[in-house]
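Numbered per this note's numbering, the sequence shown spans residues 244 to 497.
Please keep in mind that the hints were generated in silico from the structure rather than gathered at the bench. Please read all numbers here as calculations on a predicted model, not as lab measurements.
30 angstroms max Cα-Cα, derived DSSO-like pairs, lysine-lysine:
(1) Lys419 <-> Lys323
(2) Lys414 <-> Lys433
(3) Lys340 <-> Lys496
(4) Lys492 <-> Lys396
(5) Lys492 <-> Lys266
(6) Lys323 <-> Lys396
(7) Lys433 <-> Lys396
(8) Lys496 <-> Lys259
(9) Lys340 <-> Lys266
(10) Lys266 <-> Lys496
(11) Lys496 <-> Lys477
(12) Lys490 <-> Lys477
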Amino acid sequence: YYAIDSLPQHTIYAPKTITPGLKIPVLVWGNGGCLNVGTIMAPFLIQLASQGVLVIANGPPADPNAAGTFASFGAAGQAKPTAMGDSLTWVAANAGKGNWTHVDGTRIAAAGQSCGGGDVYRVATDPRVSVLGIFNSGTMGGLVQGKVEGFAKPIFYFLGGPSDIAYKNGKGDYAKLAPEVVSWLGNWAKTGHGGTYNEMNGGEYGVAASRWVNWVLRGDTSQAAWFTSGGAEKDGWTEVTHRNMDKFKAPAKI
244 YYAIDSLPQH
254 TIYAPKTITP
264 GLKIPVLVWG
274 NGGCLNVGTI
284 MAPFLIQLAS
294 QGVLVIANGP
304 PADPNAAGTF
314 ASFGAAGQAK
324 PTAMGDSLTW
334 VAANAGKGNW
344 THVDGTRIAA
354 AGQSCGGGDV
364 YRVATDPRVS
374 VLGIFNSGTM
384 GGLVQGKVEG
394 FAKPIFYFLG
404 GPSDIAYKNG
414 KGDYAKLAPE
424 VVSWLGNWAK
434 TGHGGTYNEM
444 NGGEYGVAAS
454 RWVNWVLRGD
464 TSQAAWFTSG
474 GAEKDGWTEV
484 THRNMDKFKA
494 PAKI
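Let the sequences and hints guide you as you build the complete structure.
Next up, the structure:
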């Protein structure tokens, strides 16, 4: 991962090697706590980038020489509410050009964890975004970043079971979605709200999210069965439910 001058308040995660001529999709990411540090969930985001995805996380990288914990990063403050929108604007201006000829600006997912899920809600109706990922999040108190009743894009909720402080919020939002919306919800109840993001390769959330990006961004339809035919449950996810998944139109495979 690294920072770039044209987007200094963000962190870029990219595959180590990209096949010449290949265009890769984009995931814009909002951090837990909305923290303005793009590396607080680095193992998870590196795992997603390794699938062949350009990940743009809110916040610049932390000092690699400074020890820190998730809690200590709070001193960095929160990213601007416009940070995820800024990522989308940067992609629109740069995809397919110069050093970014390998970036496909037509394949963009927005995802975030906890408070970062609110960042996703803010851009949920942005036409540049194709699909939404909500991790341990939902509408919380005064943090109303979007009215889910009006959402139309495919949306996936990855929650942490009853001990997750956002469990009821995420389930409540899922229930409010319009009945025709393509939607999925599952719980990894073993780790609650904190998930497994900083375990090796992002742990179980890294596995699930890798399947997700490969399907919804890279067009690997073989991943669909994990979400719809018992694969998630076999891996230990609980309370799995979904609607209209047969209507999801995956992009062409890359």
